[in-house]
Amino acid sequence: MYAYDHFDRQLVSQRVAQFRDQTQRYLAGKITDEQFLPLRLQNGLYIQRLAPMLRIAVPYGTLNAEQLRKLASITRKYDKGYAHISTRQNVQLNWPKLEEVPDILEELAEVEMHAVQTSGNCIRNVTADQFSGVAADEVEDARAYCEIIRQWSTFHPEFAFLPRKFKIAVCGSESDRAAVMVHDIGLQIVKDAAGNTAFKVIVGGGLGRTPVIGSVINEALEPKHLLTYLEAILRVYNQLGRRDNKFKARIKILVRAMGAEAFKADVEKEWAHIKDGALSLTDEEISRAQSFFQPPAYESLPQQDMQALALENADFARWLQHNTHAHKVAGYRIVTLALKTTGVAPGDVTAEQLEVIADLGERYGFGEIRSTHQQNIVLPDVRQQDLFALWKELVELEVAAPVVGTLNDIICCPGGDFCSLANAKSIPIAEAIQRRFEDLDYVYDLGEVELNISGCMNACGHHHIGNIGILGVDKKGQEFYQVSLGGSQGLDASIGKILGPSFAQDEVPNVIEKVLETFVSLRQPEERFLDTFRRVGMDPFKERAYA
Amino acid sequence: MPKIIKDLNVVEDSWQVWRDTENLPTTGGVIVPLSLWQAHKDALLALGGIAVFLASDQSPKLLGADINSFALIAVDFPKFADGRGFSYGRELREQHGFNGELRAIGDFMRDQLYFLKRCGFNSFALQSDELDEALASFNDFSDAYQPSIDQSLPIFRRR
Ligand code: HEM
Ligand code: SF4
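These protein sequences, in sequence, are chains A and B.
Going left to right, the first sequence walks through residues 1 to 547 as our numbering numbers them.
Going left to right, the second sequence walks through residues 1 to 159 as our numbering numbers them.
Derived from the structure by calculation, the hints contain no laboratory data.
Among these hints, one or two may not hold up.
Here are the computed lysine-lysine pairs in the DSSO-like style, where the Cα-Cα straight-line distance is at most 30 Å [stated by the list, open to error]: (1) A:K224 with B:K41; (2) B:K79 with A:K269; (3) A:K30 with B:K41; (4) B:K41 with B:K61; (5) A:K248 with B:K61; (6) A:K328 with A:K191; (7) A:K165 with A:K248; (8) A:K392 with A:K70; (9) B:K79 with A:K246; (10) A:K165 with B:K79; (11) A:K248 with B:K79; (12) B:K79 with A:K30; (13) A:K30 with A:K224; (14) B:K6 with A:K269; (15) A:K191 with A:K70; (16) A:K80 with A:K70; (17) A:K246 with B:K3; (18) A:K200 with A:K275; (19) A:K476 with A:K514; (20) B:K41 with A:K275.
To give an idea of the interface, some chain A residues facing chain B are shown, with a C-beta separation under 7 Å as derived from the structure [to be verified]: (21) N64; (22) Q151; (23) W152; (24) P157; (25) R235; (26) A272; (27) H273.
No residue lacks a Cβ here, since even glycine has one placed at the ideal position from N, Cα and C.
Use the sequences and the hints to build the structure in full.
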């Protein structure tokens with residue numbers, strides 16, 4: 001993974017000193033609340049319902065064991081002994097004290113971490129496929145480019161006060177695990193006819209109150225032009241994005257209003273000024289970035305037959321099938337630790353778990369750990385021969401629920417339990433659904449179903465792109481839930497359609513059950529929920545749900 | 001005389017910002033709105049000592065060929081959160097070759113000075129009575145990843 005040099009280290013520590021000074025001036029009454037707002041947001045500090053919330057950056061979801069241990073110790077010292085993995089691969093603390101945030105940032109800097117630009121109207125932490133570098137279906141490792149983008153966007157002088165927040169995601173494999181179609185900019189790595197690397201550039205996707213699938217404005221951008229092209233897009237957006245209405249300020253609204261072609265024409269005009277300037281990437285810089293993401297010292301191992309491994313034990317077999325993925329190196333497997341234990345908020349992880357996971361990352365791999373936008377944790381390099389032993393330890397740690405990719409792998413925002421913007425609670429809904437569908441054989445028979453929950457239309461839980469989406473709404477002061485069907489996040493992304501009038505909290509598990517029964521009755525053999533929905537449409541689901 | 005920050009020093013300054021978009025000023029030494037300038041170039045030139053300011057929705061492109069006739073161009077920040085002026089600063093310096101004084105006016109804050117300077121601004125009518133203290137913010141960072149006005153090479157070409 002990337003390692004700081006003296007330059008990166010100096011910048012991060014200067015940032016800590018800057019924020020310490022700003023916090024002191026704020027506490028001394030020399031900075032107004034309004035002025036302090038963007039300053040604290042750009043250091044990850046929200047003020048939410050019960051306490052401040054600190055969002056710590058995990059650039060493209062990559063962590064090492066030392067960082068995990070530091071996070072564990074920070075949650076004990078400054079918080080309540082647990083952390084939360086967010087849907088943008090970051091780590092959140094729910095209970096820090098404002099005055100102590102500079103100290104937390106200083107401790108984070110010791111392990112090359114920070115909270116820079118994890119919030120606010122700036123370029124946010126760049127996200128990537130959590131299986132980058134190890135996925136069997138990878139075209140090219142996205143991480144080197146993510147690091148290049150991270151550096152360019154960090155403290156970018158021109159783009160710290162954009163009309164609205166700006167999120168970039170990069171995916172380097174054939175199946176999209178980074179949701180590139182629903183980001184402000186999505187970059188999909190492709191190979192041209194001659195086998196050269198290029199980026200498909202998608203702009204203007206997004207969720208929130210106006211969900212939009214992005215538009216491709218460049219089919220194949222050469223890597224050397226990556227930063228100049230991004231800079232041109234941001235410059236057009238910074239000048240033309242709406243600032244009169246925060247709900248219309250995202251780039252998706254601008255691209256829709258101008259039309260993708262006209263937007264592209266403006267970008268290319270701006271790009272012409274800087275295209276071959278100092279910001280053009282050099283081959284040396286790309287190689288330097290790639291040098292940090294070279295494959296670790298894999299052993300040469302025989303590829304073992306998964307069927308044979310599964311004979312070990314039936315519970316293990318289920319886990320093996322759902323929570324591990326194909327690795328590009330023979331004899332290895334990617335393992336996902338499900339932070340989806342029923343009764344615990346999806347994505348929550350305790351300090352003890354973090355420490356054990358750090359150890360496991362070292363014992364069963366090369367010390368690297370990933371966070372995912374499905375709010376899980378990944379050990380990327382596990383030898384197949386170690387899977388059974390690892391599984392036993394994960395069961396002990398309560399992170400082995402064999403539900404990855406199933407209905408019970410719910411994505412869920414903090415909702416009304418924590419967030420002041422919420423219309424309704426979301427965590428208890430996740431729990432009620434997990435309890436209703438405890439019969440895993442039924443869940444497995446359903447196959448791949450993504451269920452996402454947001455507590456309001458800000459869509460932090462990505463409900464629009466869940467195959468089943470649940471949205472908290474306010475109905476005359478009561479918490480109600482709107483259900484949508486048919487959303488998906490892949491390269492054929494789609495926005496879910498609303499089933500009909502919303503439901504009271506205690507009705508939600510029943511409704512989900514009816515939706516699933518409808519699916520089962522109409523399904524063709526092996527068909528995914530999404531495909532059945534696309535084939536038969538909304539009507540049969542609607543009839544059943546409101547019968 | 002009011003004080004401003006110019007070229008990293010606190011100095012006295014006599015320029016006046018004239019926000020009236022209909023009536024003309026009666027003396028020179030004023031920074032006028034772009035629209036007033038466009039409508040009354042000759043009358044304003046006759047006053048001598050005229051500068052213009054761009055509102056946050058006025059791109060430098062609207063200045064056309066006049067850009068390099070000014071000794072001073074100002075960019076107005078109606079709210080500190082309105083960051084369009086950062087792009088205008090770079091455009092004036094990088095695309096139009098403006099070498100005169102580039103001034104930030106309006107509601108920007110001390111904690112934006114470092115980025116404003118990087119975007120080509122060299123004078124700052126900062127609304128604060130602690131201008132000397134504010135100078136410290138120019139040193140928030142000692143270097144930067146990106147190329148901009150104060151450093152033409154990105155860090156990756158210098159590492
Ligand atoms: C508890 C405090 C939180 C607050 C006040 C908050 C607020 C918001 C707001 C206002 C938006 C919409 C912005 C827009 O559409 O421009 C948003 C979007 C988003 N939030 Fe949160 N959020 C919170 C927590 C979280 C958490 C814990 C996560 C991750 C689990 C998260 C992930 C996201 C994501 C991924 C989006 C993006 C949706 C999009 O791209 O439009 N947020 N949040
Ligand atoms: S979706 Fe709404 S309720 Fe949930 S975290 Fe985001 S802002 Fe809060």
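Structure-based check of each hint:
no. : hint               : verdict
1   : A:K224 with B:K41  : violated, 45 Å
2   : B:K79 with A:K269  : holds, 28 Å
3   : A:K30 with B:K41   : violated, 42 Å
4   : B:K41 with B:K61   : holds, 17 Å
5   : A:K248 with B:K61  : holds, 25 Å
6   : A:K328 with A:K191 : holds, 18 Å
7   : A:K165 with A:K248 : holds, 12 Å
8   : A:K392 with A:K70  : holds, 25 Å
9   : B:K79 with A:K246  : holds, 14 Å
10  : A:K165 with B:K79  : holds, 17 Å
11  : A:K248 with B:K79  : holds, 18 Å
12  : B:K79 with A:K30   : holds, 18 Å
13  : A:K30 with A:K224  : violated, 44 Å
14  : B:K6 with A:K269   : violated, 33 Å
15  : A:K191 with A:K70  : violated, 39 Å
16  : A:K80 with A:K70   : holds, 15 Å
17  : A:K246 with B:K3   : violated, 35 Å
18  : A:K200 with A:K275 : holds, 17 Å
19  : A:K476 with A:K514 : holds, 26 Å
20  : B:K41 with A:K275  : violated, 36 Å
21  : N64                : violated, 22 Å
22  : Q151               : holds, 5 Å
23  : W152               : holds, 6 Å
24  : P157               : holds, 4 Å
25  : R235               : holds, 5 Å
26  : A272               : violated, 10 Å
27  : H273               : holds, 6 Å
Of the hints listed earlier, those the structure fails to meet are numbers 1, 3, 13, 14, 15, 17, 20, 21, 26, in rising order.
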